[in-house]
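Residue numbers for the sequence shown follow my numbering, beginning at 1 and rising by one.
Don't read these hints as lab results, they were simulated from the structure.
Watch out, some of these pointers could steer you wrong.
Pairs of lysine-lysine residues, derived as BS3-like cross-links and limited to a Cα-Cα distance of at most 27 Å, are as follows [what the hints assert, rightly or not]:
no.	residue 1	residue 2
1	Lys33	Lys160
2	Lys156	Lys17
3	Lys37	Lys154
4	Lys37	Lys109
5	Lys156	Lys142
6	Lys144	Lys154
FRET-style restraints, in silico, Cβ to Cβ [as the list claims (entries may be wrong)]:
no.	residue 1	residue 2	range
7	Thr8	Pro122	16 to 26 Å
8	Leu162	Thr21	14 to 24 Å
9	Gly30	Tyr140	15 to 25 Å
10	Asp26	Ile143	41 to 51 Å
11	Pro72	Leu49	14 to 24 Å
12	Val138	Arg34	20 to 30 Å
13	Gln139	Thr8	54 to 64 Å
14	Ser23	Gln105	19 to 29 Å
15	Thr8	Lys33	22 to 32 Å
The beta-carbon is built from N, C-alpha and C at its ideal position, and this holds for glycine as well.
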Amino acid sequence: MLDLSSLTSIVVNMIEKNNTTTSSYDLSSGLAKRVQKIGIGEAEIVPILTTQYPAVLVYLESQEEDWVSLGPTARREIDLNYVITPITYYGMGQVGESAGELSYQELYKLTGRIEGIFRNHPDMSTTAGVMECRCSSVQYGKIKGENYYCQTAKIKLNIKMLTD
1 MLDLSSLTSI
11 VVNMIEKNNT
21 TTSSYDLSSG
31 LAKRVQKIGI
41 GEAEIVPILT
51 TQYPAVLVYL
61 ESQEEDWVSL
71 GPTARREIDL
81 NYVITPITYY
91 GMGQVGESAG
101 ELSYQELYKL
111 TGRIEGIFRN
121 HPDMSTTAGV
131 MECRCSSVQY
141 GKIKGENYYC
151 QTAKIKLNIK
161 MLTD
């Protein structure tokens, strides 16, 4: 049986365990500040304190399934589409074009490292039932508040699974 809560936690854990200086994909390497928050939810909804940037959020966007066999041993092929959102902050206390430019450069680094984690672990470290995972696209944008804005990227992570 597919446990979406556990699978989402596995995706988050793969990102968390690479937010260390001993990881070959250290998320925070080259950033002005280490990634402070990694969690579950949508960037537009989850409140993040200014002290918690840079941040990475994960949520399940959609799920599709198809039966690949029938009968007592029936199996389903499931496609899960996650969105991984790295977020960098540019706001109060940061002035000038260089601060905004730095925020974008950090976002690009962070996005590339997240893609690298999943590109080099296509089976998500042998998580049961995962046939393949891959990052299919990235969209860049921003979230604007009253006195700040955050640069964001939405990385689409597709996971194909075979389950009972």
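So, going through the hints one by one against the coordinates:
1. Lys33 / Lys160: At roughly 34 Å apart (the allowed maximum being 27 Å), lysine 160 and lysine 33 break the hint.
2. Lys156 / Lys17: Roughly 20 Å between the alpha carbons, so the hint for lysine 156 and lysine 17 holds.
3. Lys37 / Lys154: Holds - the C-alpha atoms of lysine 154 and lysine 37 are around 16 Å apart, at most 27 Å.
4. Lys37 / Lys109: holds, 16 Å
5. Lys156 / Lys142: Distance ~17 Å between lysine 156 and lysine 142 Cα, so the pair holds.
6. Lys144 / Lys154: holds, 16 Å
7. Thr8 / Pro122: 16 to 26 Å: Since the Cβ atoms of threonine 8 and proline 122 sit about 18 Å apart, the hinted range of 16 to 26 Å holds.
8. Leu162 / Thr21: 14 to 24 Å: violated, 36 Å
9. Gly30 / Tyr140: 15 to 25 Å: Hint holds: Cβ distance 18 Å, inside 15 to 25 Å.
10. Asp26 / Ile143: 41 to 51 Å: Violated: the Cβ-Cβ distance is about 25 Å, outside 41 to 51 Å.
11. Pro72 / Leu49: 14 to 24 Å: This hint is violated: roughly 52 Å between Cβ atoms.
12. Val138 / Arg34: 20 to 30 Å: holds, 22 Å
13. Gln139 / Thr8: 54 to 64 Å: The hinted range 54 to 64 Å is violated for glutamine 139 and threonine 8, with Cβ atoms some 20 Å apart.
14. Ser23 / Gln105: 19 to 29 Å: Given a distance of about 21 Å, which is inside 19 to 29 Å, the answer is holds.
15. Thr8 / Lys33: 22 to 32 Å: holds, 26 Å
Checked against the numbered hints above, the structure violates hints 1, 8, 10, 11, 13; every other hint is satisfied.
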